[in-house]
Every structure is written in structure tokens, then in C-alpha cells.
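Take a look at the letters that make up each chain.
There are 2 protein chains.
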Amino acid sequence: MQTTPTTTDTASPGSAAYAPTDRTVPTRARERASYDRESVHAILDEAYVCHLGFIRDGSPVVLPTLYGRVGERLYVHGSTGSRPLRMAGTPQEGQEDPGLQVCLTVTHVDGLVLARSAFHHSLNYRSVMIHGIARQVTDPEEKRTALDALVDHVVPGRSTDSRPANAKELAATAVLSLDLNEVSAKARTGAPNDEPEDMDLPYWSGVVPLRKGYDALVPSPDLAPGIEVPDYLAER
Amino acid sequence: MQTTPTTTDTASPGSAAYAPTDRTVPTRARERASYDRESVHAILDEAYVCHLGFIRDGSPVVLPTLYGRVGERLYVHGSTGSRPLRMAGTPQEGQEDPGLQVCLTVTHVDGLVLARSAFHHSLNYRSVMIHGIARQVTDPEEKRTALDALVDHVVPGRSTDSRPANAKELAATAVLSLDLNEVSAKARTGAPNDEPEDMDLPYWSGVVPLRKGYDALVPSPDLAPGIEVPDYLAER
Numbered sequence: 001m002q003t004t005p006t007t008t009d010t011a012s013p014g015s016a017a018y019a020p021t022d023r024t025v026p027t028r029a030r031e032r033a034s035y036d037r038e039s040v041h042a043i044l045d046e047a048y049v050c051h052l053g054f055i056r057d058g059s060p061v062v063l064p065t066l067y068g069r070v071g072e073r074l075y076v077h078g079s080t081g082s083r084p085l086r087m088a089g090t091p092q093e094g095q096e097d098p099g100l101q102v103c104l105t106v107t108h109v110d111g112l113v114l115a116r117s118a119f120h121h122s123l124n125y126r127s128v129m130i131h132g133i134a135r136q137v138t139d140p141e142e143k144r145t146a147l148d149a150l151v152d153h154v155v156p157g158r159s160t161d162s163r164p165a166n167a168k169e170l171a172a173t174a175v176l177s178l179d180l181n182e183v184s185a186k187a188r189t190g191a192p193n194d195e196p197e198d199m200d201l202p203y204w205s206g207v208v209p210l211r212k213g214y215d216a217l218v219p220s221p222d223l224a225p226g227i228e229v230p231d232y233l234a235e236r
Numbered sequence: 001m002q003t004t005p006t007t008t009d010t011a012s013p014g015s016a017a018y019a020p021t022d023r024t025v026p027t028r029a030r031e032r033a034s035y036d037r038e039s040v041h042a043i044l045d046e047a048y049v050c051h052l053g054f055i056r057d058g059s060p061v062v063l064p065t066l067y068g069r070v071g072e073r074l075y076v077h078g079s080t081g082s083r084p085l086r087m088a089g090t091p092q093e094g095q096e097d098p099g100l101q102v103c104l105t106v107t108h109v110d111g112l113v114l115a116r117s118a119f120h121h122s123l124n125y126r127s128v129m130i131h132g133i134a135r136q137v138t139d140p141e142e143k144r145t146a147l148d149a150l151v152d153h154v155v156p157g158r159s160t161d162s163r164p165a166n167a168k169e170l171a172a173t174a175v176l177s178l179d180l181n182e183v184s185a186k187a188r189t190g191a192p193n194d195e196p197e198d199m200d201l202p203y204w205s206g207v208v209p210l211r212k213g214y215d216a217l218v219p220s221p222d223l224a225p226g227i228e229v230p231d232y233l234a235e236r
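Sequence lines, in order, name chains A and B. Under UniProt numbering, the very last position in the first sequence is 236; numbers go up by exactly one each time. Under UniProt numbering, the very last position in the second sequence is 236; numbers go up by exactly one each time.
Here chain A stands alone, though its shape is the one from the complex:
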């Protein structure tokens, strides 16, 4: 099922899919690509870390970092002193406006795919790749919303069950926003794709699924007596 999106396939923000662009149409395995908003959101909401790519002094940098999503916008945060945060606040080479060109990628590894042939070994995975300009969030209201989203991304509901940032903490934190415009998802699922002529080879073939979920909670050693595990943690 080879699908070749065309540029007439433009999507408005209200439509069900992102419009493919040159940067979001893979050269290989196009049948694994999707532009569906719901699939993209689901992949983004399930992961904890994104890999944020940007260019510093002419070299690529790939930084693992936490993120949060509010509708069609992602947020990442960091110290006001960190390099990508500072870079996003000043115009970069060849640009008039501030903003940092980024590629933000989120990946889940779901299983190890063991084929009869070495060639067809693979991973089952789901990933999202976003291209765009990351901009510093300067509006205090949006900054608060973004920081809540970052905490709620770790555990939904947690932002209302922790002490909100104070003025000093807010001043020390910079937030970048990245709009979900140029976006694609990619996934591999299912059994190995062995060649017909390999079917009788004496090698085990199949998928080793990676375990998901959480282990037992580790309360802080100095947790005050009488503080119980909140429902949003007990129910998982």
C-alpha cells in the first residue's frame, strides 16, 4: 500500500490530517507514514521524552528533553541559561525574527522483530517527527499554561496537586513553543516480513514485545507521615 501524498493535499488546522510537505514525506517506506492528527497526538501523549534537534555553530545537536502538548502546540522548557532556549530568543543567522529552527522527534519502541533472515530484522515502533521554528513564550499566561502542561504530561492531573512555580522559579525557566504544522507519524507493527523462500529455514521467527507500564512507587525518604498515594497514581 504505497501512498504518495501530493501538495494538493493541503490540510487546514481544523482538518483531520496534517498536510504533507517535502520534509515530512519519507524517501523510504512511505506506506509506514501517516499524517492523521489523532494518531500523532496519541503518540505524543504517551511518551515522556522528545529528541530536540537544532543547529549550533553549524553542527547538529540532538537533546533529549521533556515536553507537553496543548492542542496543536508543543512546549519544551529549560533554564533561561541553556543554549537552545537562549538561541530561540535571538534571531539566528539569516533570520530577521527570533526563533530556532528545530526538528522534534518522539519515538516508542514496541517490540523486537526477529526475522528468519538477518536482513529483515527490525523494530516495531511508533514515531512522530515535527519540523518548525521554536519560539520563546513571552506571554505570562501562556507560560503558566505551558508549565502546567509539562507537569501534567508526566502525570495527568499532577499540576493541581503540587506547589505551583513561584516568581523566582518562573523567572529562571524559559519555555519554547512549537506549532504542529509540519508533522508526520511513522509506525511499524506486526510480524516479521520474511521472504517466501525463507519460510522453511530452521530459525525461530517472531516478535519480542517490550514491556510497558510502571513498577512499584518509591516514595521520597522524607515523605511526611499520613500522606497517601493519590488516586491518579494508585489507579495506574
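Bear in mind the hints are in silico, worked out from the structure with no lab data behind them. Any given hint could turn out to be false.
Note that the list lumps identical chains together, so a pair holds whenever it fits in one copy or between two copies.
What the hints assert, rightly or not - Simulated pairs of lysine to aspartate or glutamate, EDC-like, Cα-Cα distance not exceeding 20 angstroms:
1. K212 / E46
2. K212 / D161
3. K168 / E195
4. K168 / D194
5. K168 / D198
6. K212 / D110
7. K168 / E197
8. K143 / E228
9. K143 / E169
10. K168 / D148
11. K143 / D231
On the provided structure of chain A, position chain B as indicated by the hints.
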């Protein structure tokens, strides 16, 4: 424990640590950085996917991909038609020799860190970041070694228990190598770092560890009868 590596700390390939460089010394949280070879190898050997960053038409790209390690060299592979593989085989802008400037990052998320304050929410993680030039592997012997390493990275021992690549498959596959020279590891472990004045707040605080390991094997639906689960899978 703030450690500030200096440039006098140069490491030879035989030494226990990588030499820090401007690109591998973080501006923030330097106490989390390490240059120890053993720690770096352990982080690399435990993960399945790396995020490969490179520059294409002036924009950063972050691609999730499988990798393998042989000593102080990493390998990634792909179709000979894939963009980064092609780019690594030709001299890039401003370069005389072929090779693609990359940043390769590997990250494990180990736990969710729930502090009493929103500000101190974090993740426990281990990551490795490598800067360097990725080069196409042209020596047939090294290519074979690299492809074995990629399969054995998925499941150790698997390359000797599957059909090796044939001439057609070898010709369709390109392999890039990246030497471990400019390398750093970063990790956060342990309990939340709450502020002393927050200790009596009525919020649960602690770590939610992410579950690791594997779920039950899913054999290929067409697996021939009599093929048993190999020891290297049964023992995990």
C-alpha cells in the same frame, strides 16, 4: 558536586574516559555529565533506538534508527536510497571529503520524578550524546561485521541464528560508521530534589519507576512446527 572538566583532561583511546570538548560539556547541570567509557558503553548497549541528527538543506533532521556497537565505533544502516545514507557518501557543503556531520543521542527514561513543587518535577534518565562525522562503510568485511553487530544489538547471539544477508541484500544496504571520540553521558537518578521549605506541603512526592523487560513472545503465525524458542530468548 559541580565538576568542570578542563581541556588538559585529554583522553587517549586506551584511557578510561573520553576527553570533554566544548560540544560535550553541558552549560547546565554539569554534575550530571560523565565521560567514562564503561558508563557510555552500558547506556548504548541497553537501548534499541538512537536519534540521529543531521542537517539537510539547512534544516535539522532527527531520525530514530537502530544501531550497533563494535568497540569504539557505532554503526547505523539503511537503504542505499535513504537520504542520510546517500548524504554521507558524498562531500557536504564546505567539506572536501565525504561524510555527514551528525549528533547521535541515545536516551533511557527510567522514572517519573514527582516533587512537591511543580518546578522540581523531572525524569530519571540516562543518555549518551555523540558528535562526529558519519562515514559510509565501503570495506565489505567491515560491512558484514557492522550488519552482524546491528542484528546482535537487537538480541545478542541472533546473527549466528538467522540467515546471513545475501549479495542482493548487501547491495541494497548502506552502513554508516561513527567513532566514539566526542562523547558524553548524562544521568539523573534518585528521589526528587524538593526545596527545604516545601517538605511539609501535603503533596505526595517520590519516583514512579518505568517498567523494563519483555512481554510474552509472539511467534510468527507461519512458524514451522518443531521450531523451539532458542535459549537466548527463553532465558530473558
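Okay, the hints, checked on the actual structure:
no.: 1; hint: K212 / E46; result: both (11 angstroms within a copy, 16 angstroms between copies)
no.: 2; hint: K212 / D161; result: neither (25 angstroms within a copy, 27 angstroms between copies)
no.: 3; hint: K168 / E195; result: between (61 angstroms within a copy, 13 angstroms between copies)
no.: 4; hint: K168 / D194; result: between (58 angstroms within a copy, 15 angstroms between copies)
no.: 5; hint: K168 / D198; result: between (64 angstroms within a copy, 15 angstroms between copies)
no.: 6; hint: K212 / D110; result: both (8 angstroms within a copy, 12 angstroms between copies)
no.: 7; hint: K168 / E197; result: between (66 angstroms within a copy, 14 angstroms between copies)
no.: 8; hint: K143 / E228; result: neither (30 angstroms within a copy, 56 angstroms between copies)
no.: 9; hint: K143 / E169; result: within (12 angstroms within a copy, 51 angstroms between copies)
no.: 10; hint: K168 / D148; result: within (16 angstroms within a copy, 53 angstroms between copies)
no.: 11; hint: K143 / D231; result: neither (27 angstroms within a copy, 53 angstroms between copies)
The earlier numbered hints that this structure contradicts are 2, 8, 11.
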